[in-house]
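The task is simple: from the sequences and hints, build the whole structure.
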Amino acid sequence: MGTGAISDLQRLTVSLRGGCERQAQCLLFSFTGQLDAYSDKQFSEFIASQQGKSSLPLVIDLSRIDFIDSSGLGALVQLAKQCTDSKTQFLLVGNARVVQTVKLVRLEEFLHLQPDLDTALGRLAAA
110 MGTGAISDLQ RLTVSLRGGC ERQAQCLLFS FTGQLDAYSD KQFSEFIASQ
160 QGKSSLPLVI DLSRIDFIDS SGLGALVQLA KQCTDSKTQF LLVGNARVVQ
210 TVKLVRLEEF LHLQPDLDTA LGRLAAA
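So my numbering is basically just the index in the sequence shown, starting at one, shifted up by 109.
Since the hints were made in silico from the structure, they are not lab data. Note that the structure is a prediction, hence the values are computed from the model and not measured. Watch out, some of these pointers could steer you wrong.
[What the hints assert, rightly or not] Simulated pairs of lysine-lysine, DSS-like, Cα-Cα distance not exceeding 25 Å:
id	residue 1	residue 2
1	K162	K150
2	K212	K150
3	K162	K190
4	K196	K212
5	K162	K196
6	K150	K196
7	K190	K150
8	K190	K212
[As the list claims (entries may be wrong)] Pair by pair, the computed Cβ-Cβ distance ranges are:
id	residue 1	residue 2	range
9	D227	L165	16 to 24 Å
10	R215	R131	30 to 38 Å
11	K212	A133	24 to 32 Å
12	A146	A235	17 to 25 Å
13	A234	V123	33 to 41 Å
14	Q134	E218	33 to 41 Å
15	F219	A146	29 to 37 Å
16	D178	Q134	13 to 21 Å
17	R131	L213	31 to 39 Å
From the three backbone atoms N, C-alpha and C, an ideal C-beta is built for every residue, glycine too.
Take a look at the structure:
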């Protein structure tokens, strides 16, 4: 498959940039910077505004996130709950720092954590 990350990211806060790309089987979100107490609200609002009424699965690529704190985790948990309630498939891709933080609080299954973007997109194709 070999899909690259979204290159054109818009500034959501001083420390967070985000982008969304509609693909055949999903909405792919990509973020860079810090997902923390200063950016969690903008993160959630950006996803909601891009998702709209779409029922496409969501793939959230956090592989270029430098820092995530409990507020960022809270935003991810809320998003996962919303997706569960609306029966929307949701997959999360993280780098070592994100994965370590998610596993520390034992949320890897709840957040459908994937090792990389190609694996996540492959899981969608197999579903």
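25 Å Cα cutoff - pair K190, K150: Between K190 and K150 the Cα gap is close to 16 Å, so the pair holds against 25 Å.
25 Å limit on alpha-carbon distance, applied to hinted pair K162 and K196: Holds, at roughly 13 Å.
E218 and Q134 - C-beta distance against the hinted 33 to 41 Å: Check failed, 22 Å falls outside 33 to 41 Å.
Range hint compliance [Cβ, F219 to A146, 29 to 37 Å]: violated (21 Å)
Satisfaction of hint between K150 and K212, Cα-Cα up to 25 Å: Measuring from Cα to Cα gives roughly 23 Å; hence the hint holds.
Proposed proximity, K196 with K150 (alpha carbon, max 25 Å): Holds. K150 to K196 sits at ~23 Å (cutoff 25 Å).
Restraint status (C-alpha distance of K196 to K212 at most 25 Å): It holds: about 24 Å lies between the C-alpha atoms, which stays within 25 Å.
CB-CB spacing for V123 and A234 relative to the 33 to 41 Å hint: About 37 Å separates the Cβ atoms of A234 and V123, which means 33 to 41 Å holds.
C-beta pair D178, Q134: status relative to the range 13 to 21 Å that was hinted: The hint (13 to 21 Å, Cβ to Cβ) is violated, given that D178 and Q134 are roughly 31 Å apart.
Consistency of beta-carbon spacing, A235 to A146, with hint 17 to 25 Å: Roughly 36 Å apart at Cβ, these two residues miss the hinted range, so it is violated.
Verdict for R131, L213 (Cβ pair) under range 31 to 39 Å: holds (33 Å)
Beta-carbon spacing of R215 to R131 - inside the hinted bounds 30 to 38 Å or not: Once the Cβ atoms are compared, 32 Å apart, the range 30 to 38 Å for R131 and R215 holds.
Consistency with the previously given hints fails for numbers 12, 14, 15 and 16, ordered from lowest to highest.
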